[in-house]
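Could you build the full structure based on these sequences and the hints that come with them?
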Amino acid sequence: MSGCDFKALADSLSDRFLAEGFTVHRYDAYSTSSVYLKLDCGMCNSIRISDHRGKKHLAYRYNIGPWIKKRWHDHDGRCPRHYYPIDEADVLVANVLRDRERRKKRYGEAKYEALMRDNEIQGAQATCGFWSQARKVER
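The numbers in our numbering rise by one with no breaks, and the one at position 125 of the sequence shown is 125.
Calculated from the structure, these hints are not laboratory results. None of the values given here were measured: they were computed from a predicted structure. Be aware that a few hints might be false.
[As the list claims (entries may be wrong)] Below are the DSS-like pairs computed for lysine-lysine, each with C-alpha atoms no more than 30 Å apart in a straight line:
1. Lys7 <-> Lys70
2. Lys111 <-> Lys136
3. Lys136 <-> Lys7
4. Lys111 <-> Lys70
5. Lys136 <-> Lys105
6. Lys69 <-> Lys7
Next comes the structure, spelled out in structure tokens:
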């Protein structure tokens, strides 16, 4: 590991997204140093902060960590995935903000908010996976 403080990075990213009006849910893995942030109840996907490659069957839209040496994108799976080195956190944030604006234009503000609420309700009922162990980040 490169000495990156994943919890501090997750705190910093959470603060930045909260300041932009996002709803943020967080899960700190118990078996690794990875931290996962779900944005707007999944409407803006999730960020994986880690020091290693993830499991192939789990496709996080945004990935950041010291194992990523340069920014790159993977469009081979169900959805595009984006990888950022630690020093490009600002680029990650800017891309998430741009993606949220695109989604809000596509769905409309009211529909976007309704889908967020639906996702959060479904998540609250989950008995396994991210939602069962995540906590909502408050300011």
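Does Lys111 pair with Lys70 here, judged by a C-alpha cut-off of 30 Å?
Between Lys111 and Lys70 the Cα gap is close to 36 Å, so the pair fails against 30 Å, i.e. violated.
Restraint status (C-alpha distance of Lys69 to Lys7 at most 30 Å):
20 Å, holds
Given the hint that Lys111 pairs with Lys136, test it: the Cα-Cα distance must not exceed 30 Å.
OK: Lys111 and Lys136 at ~22 Å, within 30 Å.
Can the restraint linking Lys136 and Lys105 be considered satisfied, given a maximum Cα separation of 30 Å?
Holds: Lys136 and Lys105 sit about 25 Å apart, inside 30 Å.
Would the hint linking Lys136 and Lys7 be met if the CA-CA limit is 30 Å?
OK: Lys136 and Lys7 at ~15 Å, within 30 Å.
Regarding the pair Lys7 and Lys70, is the alpha-carbon distance no greater than 30 Å?
22 Å, holds
The structure fails hint 4 only (numbered hints given earlier).
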